[in-house]
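Chemist: Protein chains in written order, with our numbering: chain R, 1 to 352; chain D, 1001 to 1238; chain W, 2001 to 2290.
Treat the hints as calculated values from the structure; they're not laboratory data. Here a beta-carbon is modelled for each residue, glycine too, at the ideal position from N, C-alpha and C. Among the hints, a few may not be true.
Claimed, not checked - Take a look, some chain W residues computed to stay more than 12 Å from chain D by CB distance:
no., residue
1, L2034
2, L2053
3, I2144
4, A2155
5, F2156
6, V2174
7, V2252
8, A2254
9, P2278
Stated by the list, open to error - Computed beta-carbon distance windows for the label pairs:
no., chain 1, residue 1, chain 2, residue 2, range
10, R, I17, W, R2084, 17 to 27 Å
11, W, S2116, R, G202, 55 to 65 Å
12, R, A313, D, R1022, 38 to 48 Å
13, R, R106, W, F2156, 52 to 62 Å
14, W, T2160, D, F1121, 15 to 25 Å
15, W, P2059, R, I95, 50 to 60 Å
16, R, V320, D, R1022, 28 to 38 Å
17, R, R106, W, I2144, 37 to 47 Å
18, W, A2148, R, G202, 48 to 58 Å
Said to hold, decoys possible - Short, incomplete list of chain W residues facing chain R, as computed with Cβ under 10 Å:
no., residue
19, S2102
20, F2105
21, R2182
22, S2264
23, A2272
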Amino acid sequence: MGDGALRGLLTLAVGLIAVAFPFIASGYHTYQGSQVLILAIALLGLNLLTGFNGQISLGHGAFFAVGGYGAAILMVKFGLPFWAAIPLASVVCFIAGFLFGFPALRFGGLYLALATFALAVATPQILSYTGFDPITGGSQGLSIPKPLAPLGLRLNPDQWLYLVCLACGAALYWAARNLARGRIGRALIAIRDQPIAAETMGVNAALYKTTCFGVSALYAGVAGGLSAIAVGFVSPDSFGLPLSLAFLVGIVVGGLASLGGVLFGALFIEFVPNLADQLSVSFGESAKALPGAIYGALLILVMAAMPTGVAGAARTAMAVIQRRLAPSREKELQHGGGPSVAANYEGKGESP
Amino acid sequence: MSAPILDVKGLEAWYGQARALRGIDFEVEDGGATAVLGANGAGKTTILRALSGLIRRSGDIRFRGRPIGALSTEDVARLGVAHVPDGRGTFIDLTVEENLRLGAYVRSDRQGVRKDFDRVFSFFPRLAERRRQQAGTLSGGEQQMLAIARALLMRPSLLMLDEPSFGLAPLVVAEIFRVLGEINRNEGVSLLIVEQNASLALDLADRAVLIETGQVALSGPSQAIRADDSVRRAYLGY
Amino acid sequence: MGEFLHQLASGVALGGVYAIMALALVMIYQATQLINFAQGEMAMFSTYFAWKLIDSGQPYWLAFFATVIASFIGGVVIERLIVRPFANAPVLASVIVFIGLSLIFNSLAGWLYGYSVQSFDSPFTGKPLFGAGYMSAHEAGSLIVTLAVLVLVYAFFRFTPLGLAMRAAAQNPVSSRLVGIRVGWMLAIGWGLAAAIGSVAGMMAAPIVYLDPNMMGGVLLYAFAGAVLGGIDNPFGAAIGGFAVGVLGNLVGAYVVGDEVKLSVALAIIIAVLVWRPSGLFGRRLVARV
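Next up, chain R with everything else stripped away, as it sits in the complex:
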């Protein structure tokens, strides 16, 4: 069985399970499934920006917030249906991200991390600013009614929401994959690894970088909008620094510059806090500390031992297995083609 056929079969299987899921799982699990998809969409965006293009963002929670609040305001204050509100809010996010990308060009990687860190810390305060209260609902936030399935489809709101998220997720994943594999993806990687050389080759780094920022903000915005309707309300406190850091954890654990890995990253950041909550029932309040400790330890360990994340490790394992099964085949075993995206993240370098 060929490599491509195997992968195709796997994708089909995963797809079938994904579609069947809301019909076989409970309402709560379906809701969790939606959350995982939502997080995966946000992680896709962040991965494009940070993994492929090397721009470190510690503040993507802010764009998630813009998407969430944007959709909420459009739905609650202006009465738009969700399928109009979310795209509109995402466009706003794209513009916001694109505009933020301009000053970001001036900063180096570290300063961008600093500026986006500041953005993440300041976001809840900005959202609860009393001056904006009439629109944002202040520190109480806004409540959003859950959208119902269109007439004719016998789905409960959870199932409908899940399928919407699945459709969005699949479409956005497909778009991201084409982006990453094509000319644009190579340009982004070139800009990340050798910015000056890329420029001399005619790549308009500034345009690519700001656009990439915009696109990644758009993804975060879509995710934010979907999250708003999934949860049913938005409030300032849900969009603080921990959210942005969780996104970072997600792409690191899943694998920087690995689009397939975002699913694993999303599962991770969805379920580790849940696990901790369950443990805190047995072990008391102090178990609340567990997610943070696990995130922190994992960030360090992954960087040290597995800089390419779970996806990279899986790829390596697959490669080892395939080499064992067919030693005579001299096939290039790089998933996704193009230059080695993981190369830039190896832990140690040699000093001359």
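Chains D and W: place on chain R using the hints.
Modeler: Below, chains D and W alone, put in the same frame as chain R:
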């Protein structure tokens, strides 16, 4: 004949994956001076970097009979090996005085340090004048003097210099080499000098080594090297 | 006028806390070209340590100095164990490691000390200074402590051999090695000092912002703004930047946008400076070598 202060056998060195030295043998006599000659890119600077542990190296390197091939740069320095690198390596944001104090950083004999300060200022009066000036504002020649003075403040037994004459006016170079000669003859500081200016180096040194593409092409007493036809034509210009 | 002076004075006092945090950040940046995102959480953890000591009956100043020393040791250990292995890693990797460190400290504090807000008493009590009450006793005391830290650190780097060696190691590690300085340990000591300074910042901030695991997030942000404003490669510029941010934040908060969005002021400062004058007011202009 006393044991050499520096004895190098089979020295190899790498920049990353590229091997720059392929088995170098030479020695520096205790109290003597050895010149390392060769064209640009032959590997002369690499030898000093390898001895100081700044790059990956292998081979049998002995200082006063003691193997130093596995020591870190700072440990080699603490043994009494002072390396004045190419580009001088002055701390340009610090004052002349601070640069010199750093040379004496590992020493604990305050009296000796004070005496050495006087000593280097007598060798290089211009440094005394510019004591409080920022090192980066000194001229090229003064920075070279500063670098050597700093090395001298380490009270080294072996002083390694990388192209001390580079980019300097002849008068300044003459001054510097005069001082080097003095400390070598009067104070017994052994010298290992990498130099492009072969004539100058051969005047100062008693032994010389000629390096070509990472290997020793010729070695021996400086008179012999100076008299060698190929050396004369290629490096001495007559 | 009285209100203005009050805002100004307490802005200066707060600014002192930001100034020394900014100093700690710049010290690490100068030595390693890295921004320590975990500085705030480390300071918070140190403050909890002090709180625990005081809670168990120790006199304040004993706890204070014990915390400073323990934080110094902690900083050295962290540099050797966690930071050093990533010395040659790309920037993103170090950012991730620092974020990881901050998450660990945050959780550790929550686990060991709980998540409820605690009060942290100031050692400075009594009548407000300067009669008219522009500054509370704690603010005055805090200002004196932070100024003392700045003076001590300046004196250390300027006049002691170790301080000189550390400056040299930060500026030119290769030449430092060539004169026998153990550059690795200089970095470790730098981290220790930064951690110690951070602990002082935390202990001075705690009576004002109250003690909980998330107390230092805002302080860290203001310190970043101060460091960027002053110049991230200039320690005393950064300290001045910290004072400026303290005063500016208070004044803008009181007269322009309202107290609750003071953090956005910090954000605005950071972005504005990075866009228009990245080297800060006192930093050196950097030229990228092609």
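Chemist: Confirm or reject each hint.
Modeler: Taking the hints in turn, this is what the structure says about them:
no.: 1; hint: L2034; verdict: holds (20 Å)
no.: 2; hint: L2053; verdict: holds (37 Å)
no.: 3; hint: I2144; verdict: holds (31 Å)
no.: 4; hint: A2155; verdict: holds (15 Å)
no.: 5; hint: F2156; verdict: holds (14 Å)
no.: 6; hint: V2174; verdict: violated (7 Å)
no.: 7; hint: V2252; verdict: holds (35 Å)
no.: 8; hint: A2254; verdict: holds (40 Å)
no.: 9; hint: P2278; verdict: holds (20 Å)
no.: 10; hint: R:I17 <-> W:R2084: 17 to 27 Å; verdict: violated (45 Å)
no.: 11; hint: W:S2116 <-> R:G202: 55 to 65 Å; verdict: holds (59 Å)
no.: 12; hint: R:A313 <-> D:R1022: 38 to 48 Å; verdict: holds (39 Å)
no.: 13; hint: R:R106 <-> W:F2156: 52 to 62 Å; verdict: violated (34 Å)
no.: 14; hint: W:T2160 <-> D:F1121: 15 to 25 Å; verdict: holds (23 Å)
no.: 15; hint: W:P2059 <-> R:I95: 50 to 60 Å; verdict: holds (58 Å)
no.: 16; hint: R:V320 <-> D:R1022: 28 to 38 Å; verdict: holds (36 Å)
no.: 17; hint: R:R106 <-> W:I2144: 37 to 47 Å; verdict: holds (38 Å)
no.: 18; hint: W:A2148 <-> R:G202: 48 to 58 Å; verdict: holds (57 Å)
no.: 19; hint: S2102; verdict: holds (7 Å)
no.: 20; hint: F2105; verdict: holds (8 Å)
no.: 21; hint: R2182; verdict: violated (16 Å)
no.: 22; hint: S2264; verdict: holds (5 Å)
no.: 23; hint: A2272; verdict: holds (9 Å)
Checked against the numbered hints above, the structure violates hints 6, 10, 13 and 21; every other hint is satisfied.
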